[in-house]
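Q: Position chain B against the provided structure of chain A, taking the given hints into account.
Protein chains: 2
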Amino acid sequence: MNNTQTKQTSFPHVVIIGGGFGGLYAAKSLKNAPVQVTLIDKRNFHLFQPLLYQVATGTLSPADIASPLRVVLSKHKNTQVLLDKVVDIDPEAKKVFLEGQDELNYDALIVATGVSHHYFGNDQWQDDAPGLKTVEDALEMRRRIFMAFEAAEKEDDPKKRKALLTFVVVGGGPTGVELAGAIAEIAYQSVKDDFRDIDTTQAQVLLFEGMERILPPYPEESSAHAQQALEQLGVDVLTKTLVTNIADNSVTFRQGDDTKTINAHTILWAAGVKASFMGKVLADRAGAELDRAGRVIVEPNLSLKNYSDIFVIGDLANFAHQGDHSLPGVAPVAMKEGEYVAKLITKRLEGETVKPFEYNDFGSMAVIGKNKAIANLNFAKFSGFLAWIIWAFAHIYYLIEFDNKLVVMIQWAWNYITLGRGARLITETPSLQLEIESTPHPGNSTPNTKDSIQEPVSV
Amino acid sequence: MNNTQTKQTSFPHVVIIGGGFGGLYAAKSLKNAPVQVTLIDKRNFHLFQPLLYQVATGTLSPADIASPLRVVLSKHKNTQVLLDKVVDIDPEAKKVFLEGQDELNYDALIVATGVSHHYFGNDQWQDDAPGLKTVEDALEMRRRIFMAFEAAEKEDDPKKRKALLTFVVVGGGPTGVELAGAIAEIAYQSVKDDFRDIDTTQAQVLLFEGMERILPPYPEESSAHAQQALEQLGVDVLTKTLVTNIADNSVTFRQGDDTKTINAHTILWAAGVKASFMGKVLADRAGAELDRAGRVIVEPNLSLKNYSDIFVIGDLANFAHQGDHSLPGVAPVAMKEGEYVAKLITKRLEGETVKPFEYNDFGSMAVIGKNKAIANLNFAKFSGFLAWIIWAFAHIYYLIEFDNKLVVMIQWAWNYITLGRGARLITETPSLQLEIESTPHPGNSTPNTKDSIQEPVSV
Numbered sequence: 001m002n003n004t005q006t007k008q009t010s011f012p013h014v015v016i017i018g019g020g021f022g023g024l025y026a027a028k029s030l031k032n033a034p035v036q037v038t039l040i041d042k043r044n045f046h047l048f049q050p051l052l053y054q055v056a057t058g059t060l061s062p063a064d065i066a067s068p069l070r071v072v073l074s075k076h077k078n079t080q081v082l083l084d085k086v087v088d089i090d091p092e093a094k095k096v097f098l099e100g101q102d103e104l105n106y107d108a109l110i111v112a113t114g115v116s117h118h119y120f121g122n123d124q125w126q127d128d129a130p131g132l133k134t135v136e137d138a139l140e141m142r143r144r145i146f147m148a149f150e151a152a153e154k155e156d157d158p159k160k161r162k163a164l165l166t167f168v169v170v171g172g173g174p175t176g177v178e179l180a181g182a183i184a185e186i187a188y189q190s191v192k193d194d195f196r197d198i199d200t201t202q203a204q205v206l207l208f209e210g211m212e213r214i215l216p217p218y219p220e221e222s223s224a225h226a227q228q229a230l231e232q233l234g235v236d237v238l239t240k241t242l243v244t245n246i247a248d249n250s251v252t253f254r255q256g257d258d259t260k261t262i263n264a265h266t267i268l269w270a271a272g273v274k275a276s277f278m279g280k281v282l283a284d285r286a287g288a289e290l291d292r293a294g295r296v297i298v299e300p301n302l303s304l305k306n307y308s309d310i311f312v313i314g315d316l317a318n319f320a321h322q323g324d325h326s327l328p329g330v331a332p333v334a335m336k337e338g339e340y341v342a343k344l345i346t347k348r349l350e351g352e353t354v355k356p357f358e359y360n361d362f363g364s365m366a367v368i369g370k371n372k373a374i375a376n377l378n379f380a381k382f383s384g385f386l387a388w389i390i391w392a393f394a395h396i397y398y399l400i401e402f403d404n405k406l407v408v409m410i411q412w413a414w415n416y417i418t419l420g421r422g423a424r425l426i427t428e429t430p431s432l433q434l435e436i437e438s439t440p441h442p443g444n445s446t447p448n449t450k451d452s453i454q455e456p457v458s459v
Numbered sequence: 001m002n003n004t005q006t007k008q009t010s011f012p013h014v015v016i017i018g019g020g021f022g023g024l025y026a027a028k029s030l031k032n033a034p035v036q037v038t039l040i041d042k043r044n045f046h047l048f049q050p051l052l053y054q055v056a057t058g059t060l061s062p063a064d065i066a067s068p069l070r071v072v073l074s075k076h077k078n079t080q081v082l083l084d085k086v087v088d089i090d091p092e093a094k095k096v097f098l099e100g101q102d103e104l105n106y107d108a109l110i111v112a113t114g115v116s117h118h119y120f121g122n123d124q125w126q127d128d129a130p131g132l133k134t135v136e137d138a139l140e141m142r143r144r145i146f147m148a149f150e151a152a153e154k155e156d157d158p159k160k161r162k163a164l165l166t167f168v169v170v171g172g173g174p175t176g177v178e179l180a181g182a183i184a185e186i187a188y189q190s191v192k193d194d195f196r197d198i199d200t201t202q203a204q205v206l207l208f209e210g211m212e213r214i215l216p217p218y219p220e221e222s223s224a225h226a227q228q229a230l231e232q233l234g235v236d237v238l239t240k241t242l243v244t245n246i247a248d249n250s251v252t253f254r255q256g257d258d259t260k261t262i263n264a265h266t267i268l269w270a271a272g273v274k275a276s277f278m279g280k281v282l283a284d285r286a287g288a289e290l291d292r293a294g295r296v297i298v299e300p301n302l303s304l305k306n307y308s309d310i311f312v313i314g315d316l317a318n319f320a321h322q323g324d325h326s327l328p329g330v331a332p333v334a335m336k337e338g339e340y341v342a343k344l345i346t347k348r349l350e351g352e353t354v355k356p357f358e359y360n361d362f363g364s365m366a367v368i369g370k371n372k373a374i375a376n377l378n379f380a381k382f383s384g385f386l387a388w389i390i391w392a393f394a395h396i397y398y399l400i401e402f403d404n405k406l407v408v409m410i411q412w413a414w415n416y417i418t419l420g421r422g423a424r425l426i427t428e429t430p431s432l433q434l435e436i437e438s439t440p441h442p443g444n445s446t447p448n449t450k451d452s453i454q455e456p457v458s459v
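As they're listed, the protein sequences go chains A and B. Going by our numbering, the first sequence wraps up at 459, each residue one higher than the last. Going by our numbering, the second sequence wraps up at 459, each residue one higher than the last.
Since the hints were derived computationally from the structure, they do not count as laboratory data. This one's a predicted model, so the numbers in the text were calculated from it and none came from an experiment. From the three backbone atoms N, C-alpha and C, an ideal C-beta is built for every residue, glycine too. Be aware that one or more of the hints could be misleading.
Unchecked claim - A short, non-exhaustive set of chain B residues, derived as facing chain A with CB atoms under 7 Å:
| hint | residue |
| --- | --- |
| 1 | Pro68 |
| 2 | Asp123 |
| 3 | Ile389 |
| 4 | Glu428 |
Stated by the list, open to error - Here chain A is said to cover these stretches of chain B; the calculated rule only asks that three of the stretch's residues, wherever they fall, bring their Cβ under 8 Å from a Cβ of chain A:
| hint | segment |
| --- | --- |
| 5 | 25-35 |
| 6 | 53-66 |
| 7 | 190-198 |
| 8 | 272-279 |
| 9 | 368-382 |
Extracted from the complex, chain A is given alone in its bound form:
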């Protein structure tokens, strides 16, 4: 492919790296702009990350929350989707280098490659405690959760059986809360009649959080509601709990001064994220400044200090020009940033400028179990079923394609009625190791992020 020519002919060429919320919404917003757009992603689909935990816990299928990028953008005649990996860039020559020796010239570059799991320097924990970022991660979690019950049904040794029925979720953020709630529902409701030699209601589900309360960024009231709702579902919530080691199906953790170790066959990681590979590339090639997690510190207009034609959006960006801390790594922020950069590029072509990016936070939500949630909106706080309704509609609304919405709503309704887990298939997935190796993250060995690696494992 010689895009170097083809893309130079007519319109300015905007290259977008990453088809997540940031990259996709940037592309969508450029539909009618006088530009040629190339969206590059190493997967052929946009993944609706906020519902990924429902794939991991057997409620939804991957296809329910994934939309092929080509389908979403097929009507965008100025846009080409490329299934490829970006390996390097040259900001002076304005080139992007792809895995297969191909290269693209760009007039504007939008980097939206997001973040991956962060084990705070303990990458050896990956195998024992997988994280949740990709479809393969979700299917691997699903496999582990449901295999644990299958193995317990065949296990005579009470000690081993107990370990098989012990589930630990590390990290009390939204993902950890959602995973813990869903696993409790599986053990205590969905599968309780399905086994003959074990009582799944004897299973133990633990949620570890390093701070003094779960959902730390939320108001205390919301955190309290969330903890209460989780405990009603049967989750043991351990706050001020630091994981010091994970190995051989056991977790060692510190609470205050005493250190404990419990045997748990299923350990899930929802504790930390680190910048994806492109953060390092931007630092090396374009002198981008990275924060401790390797995220790119951007200008008020989301561009790089030294390169006004390179923009970083979404989870990979650290935008701290508003409020006292950087914006959270959530879908709504990424969407708004994508739309903003698309507008900036369009205006710039008309010789106009736009004012710095501003984000109006409409609030945050986390779901607990099948029908409870915490909705902390900027005009009011909700919890319980009402919050769940708000959560459900907000998520359904943003599910890219109509058929996904319809199918997901039906799956939810059906699960709601039956407590069923239609998608609880145990399938073979590549080891998480493979998945992680396939995307190198040298970022975590750069000076920029060293301190974050050295810091104690506060989850």
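A: Okay, now just chain B, sitting in the frame of chain A:
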């Protein structure tokens, strides 16, 4: 697990190996019988095989056509489901040996482990031409089909691009016909607006059949209708065509006297099946007689000649006591055989006998594309849309769980309206090699099947 004790206490113990149509319907039919049932499967779900090609071609998700065995049988209090592999049996001691050193005593044994791909002694073709039996097979086929278009979009070399856009299906049985029709629809309809540098309507879809017509067991009229419908969709149907080699993304085939080789990046195998591992075990341990494909030749009551307490049903059984050839390896036969054996076992406990198994063939069906089919029923022949309606209802009716039915109907309706392929995501799946190695098939190296290995590759 020490089932040897636990299962001996009260009722006679019926052990069923395999949770496909045969095994599942046997278990369902024993719900109220005075027996204790153990259903063993190496997967935790029943797979609705007849729709697997729709997973392979991106219409459905695995969970849409899979039902967790525990859910289907959760109300059967006399039934335990075990996720395990049977490695051997001892018909004298009436024992089944499981992978994990566990063993089960049985009073009656029902073997329903089905068949796997058969490459007629050319197992080296597996990697180049995967078959379609498991969920992983289907996801691997899906990956190859959709990756081919992605790679073509990036390919400059016209020759390579042509090979990437050439799809060969080997085998003109129902599965081959259904795959070829679906791939033609993908190339000529579903994805035609999604690419910028390639014209997917230039793709070539070939269907190879060794006999003089596709769907050989069907009436000539049906075969003709099927071929006509496929050609309307754009499939090149090559009959009297024998594949002589598959290697390096190319297929060599013989038509009459001339031999051709074409470059095709995607080659799918729908040509032959061979008995699963248990066939060999029954031959070695119980002196069962196997046919050329390694299937077990059963008595009129589906038991083994030497062991009236061992039954073989479904695709693994060769039942030739009715009509002039053995019953076809299709779901309806397996279901009826499962129900029959369940009844026989129940009656036997009451000291009664039942008359030999009889199968009333209601006919056979194959679907071509989205809205055409061939229905060859014993009272009438249908083709086109009407046949498709019959096909759709017959399949929906047998989808085990209601939520599957509902979701599948919606997916179909949606695809029907939009020509969409909602489930076209490309995910990482283990290489087919792995999948096949995970289930050894010594059967194909036994004298019983040698001739079938030596025979020319008639597809």
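Q: Each hint: holds or not?
A: Right, here's what the structure says about each hint:
Checking Pro68(B) against chain A: minimum C-beta separation of about 5 Å stays under 7 Å; hint holds. For Asp123(B), the interface hint is violated, the least distance from its beta-carbon to any beta-carbon of chain A being 20 Å, above 7 Å. For Ile389(B), the shortest C-beta to C-beta distance to chain A is roughly 22 Å, which exceeds 7 Å, and the interface hint is violated. About 5 Å separates the beta-carbon of Glu428(B) from the nearest beta-carbon of chain A, less than 7 Å, and the hint is met.
Only residues whose C-beta sits within less than 8 Å of a C-beta in chain A count toward coverage, and the segment 25-35 of chain B has 0 of them, not enough to reach three; the restraint is violated. Remark: the segment 53-66 of chain B is confirmed as covered by chain A, as 5 of its residues place a Cβ nearer than 8 Å to a Cβ of that chain, reaching the required three. Only residues whose C-beta sits within less than 8 Å of a C-beta in chain A count toward coverage, and the segment 190-198 of chain B has 6 of them, enough to reach three; the restraint holds. Note: the segment 272-279 of chain B has 0 residues with beta-carbon separation from chain A under 8 Å; the three-residue rule is not met and the coverage is violated.
Note: the segment 368-382 of chain B has 0 residues with beta-carbon separation from chain A under 8 Å; the three-residue rule is not met and the coverage is violated.
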